[in-house]
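J.: Letter by letter, the chains look like this.
Number of protein chains: 2
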Amino acid sequence: MKILQTVDFEQMERRYRAAFFNTAGGFKPVHLVGTANGEGKYNLSIFNSIFHLGANPPLWGMVIRPHSVERHTWENILETGFYTLNAVPEAFFRQAHQTSAKYSREVSEFDACGFTPVFHRDFPAPFVAESPVQIGLKLVDQMHVSLNDTIIAVGQIVCVAVQEDCVGLDGYVDIEKAGAIACTGLDAYHRTQRLARLSYAKPDTPLHEIPTP
Amino acid sequence: MKILQTVDFEQMERRYRAAFFNTAGGFKPVHLVGTANGEGKYNLSIFNSIFHLGANPPLWGMVIRPHSVERHTWENILETGFYTLNAVPEAFFRQAHQTSAKYSREVSEFDACGFTPVFHRDFPAPFVAESPVQIGLKLVDQMHVSLNDTIIAVGQIVCVAVQEDCVGLDGYVDIEKAGAIACTGLDAYHRTQRLARLSYAKPDTPLHEIPTP
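So the protein sequences, as listed, match chains A and B. By the count of the working numbering, the first sequence reaches residue 216 at its end, each step adding exactly one. By the count of the working numbering, the second sequence reaches residue 216 at its end, each step adding exactly one.
Simulated from the structure, these hints should not be mistaken for laboratory data. Please note: incorrect hints may appear among the correct ones.
Any copy, or any two copies together, can satisfy a pair, since identical chains are not distinguished.
As the list claims (entries may be wrong) - List time: in silico SDA-like cross-link candidates among lysine to any residue, alpha-carbon distance up to 25 angstroms:
1. Lys180 to Pro92
2. Lys44 to Lys141
3. Lys180 to Arg97
4. Lys180 to Val121
5. Lys180 to Phe95
6. Lys205 to Arg124
7. Lys180 to Glu109
8. Lys180 to Tyr19
9. Lys44 to Ala21
10. Lys44 to Gln98
11. Lys180 to Ser71
12. Lys105 to His123
13. Lys141 to Glu42
14. Lys180 to Arg74
15. Lys44 to Asp168
16. Lys44 to Val148
17. Lys141 to Arg68
18. Lys5 to Glu16
19. Lys180 to Phe50
20. Lys44 to Ser149
21. Lys105 to Pro209
22. Lys141 to Arg74
Owing to the predicted nature of the structure, the values given are computational and were not obtained by experimental measurement.
The shape of chain A in the complex, shown without the other chains:
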């Protein structure tokens, strides 16, 4: 094993350090975030910083770097209060990655990268038609992380569109069956293969496998 400490981290070149800590943290979800600005122009951007905060009410967090290329997305969320998170399907991972390019404000990444905006019920932000799990959120809180000037946006889920055959009787959404992928770092994409779902663990009791949809 290679052992590294703070003094070593400080000597890392900036991009090396970003790649190192981004990938060392484990597999991440990857979403396309859909927004509209006040004039109804659409924006689409790839994010890999979504995390589950709770189910009742359903809350997800999202890490925002205010001065990065994600700023159009964040400005739209602040302006309208709504955004969508759309799971990236395997067949579209290159196009999804391409949304991270610095397009000008006049260009919609839906058009530039080949995705289709779609709307459900009265939710005001665009979903991605190609995605098997489409989630609509309302911004309900934001926390400032003073240590590195990032923001944690907290969204409450108010609308879900999901491929029907991927939802199990106990609520388990089989995103692998739906074709969703995982990512590592800022640029690597992975398909998955489930090893097992395991039963609720108790001391001195053998685990067994749970069926999936």
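Following the hints, position chain B against chain A.
T.: Relative to chain A, chain B alone:
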């Protein structure tokens, strides 16, 4: 597509809702969190709520539910200020899941579930010897999410032990090569297969693949 809205979420049975929103959010990292209490007794618990907050300084967040089975871990972190995050290798996913059982305070999950505590340099919390990516953190901030009474613990990485052949020349840590796995929801584990690493995206420029270690 099945469309669901807030009124539908409110009618879901509690465990159904927890499974639904936990799995719909995408693939997650999975770590064993190692701690010691003030008397030097070790604790080990599985977590799937780690997220990257920034690389300089290297900061990761972790979602804590203060009243859950994770409370021993959180009490130890508050008492000592230090904890370790250890990537779960595929061969150990059943044992890792078993650490979520409600063992009494007298039992160390290292012993009960078959993991080996190991120490690096002067870091005060136990790492997991079986893990290919072992991260030592110092608690530097905590944020209270008032909407659902959870805590986001912010840790600064101060020590890393990583399998040497998995670190690329540009800092990319190949956790797939290291044998780390992903999870969905609270109970499903997945191996991965990389599709590609993609180059930095620019408008109107074709993407190309980047080599991995």
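J.: Taking the numbered hints from earlier one at a time, note which ones the structure violates and give those numbers from smallest to largest.
T.: 6, 7, 9, 11, 12, 14, 15, 16 and 20
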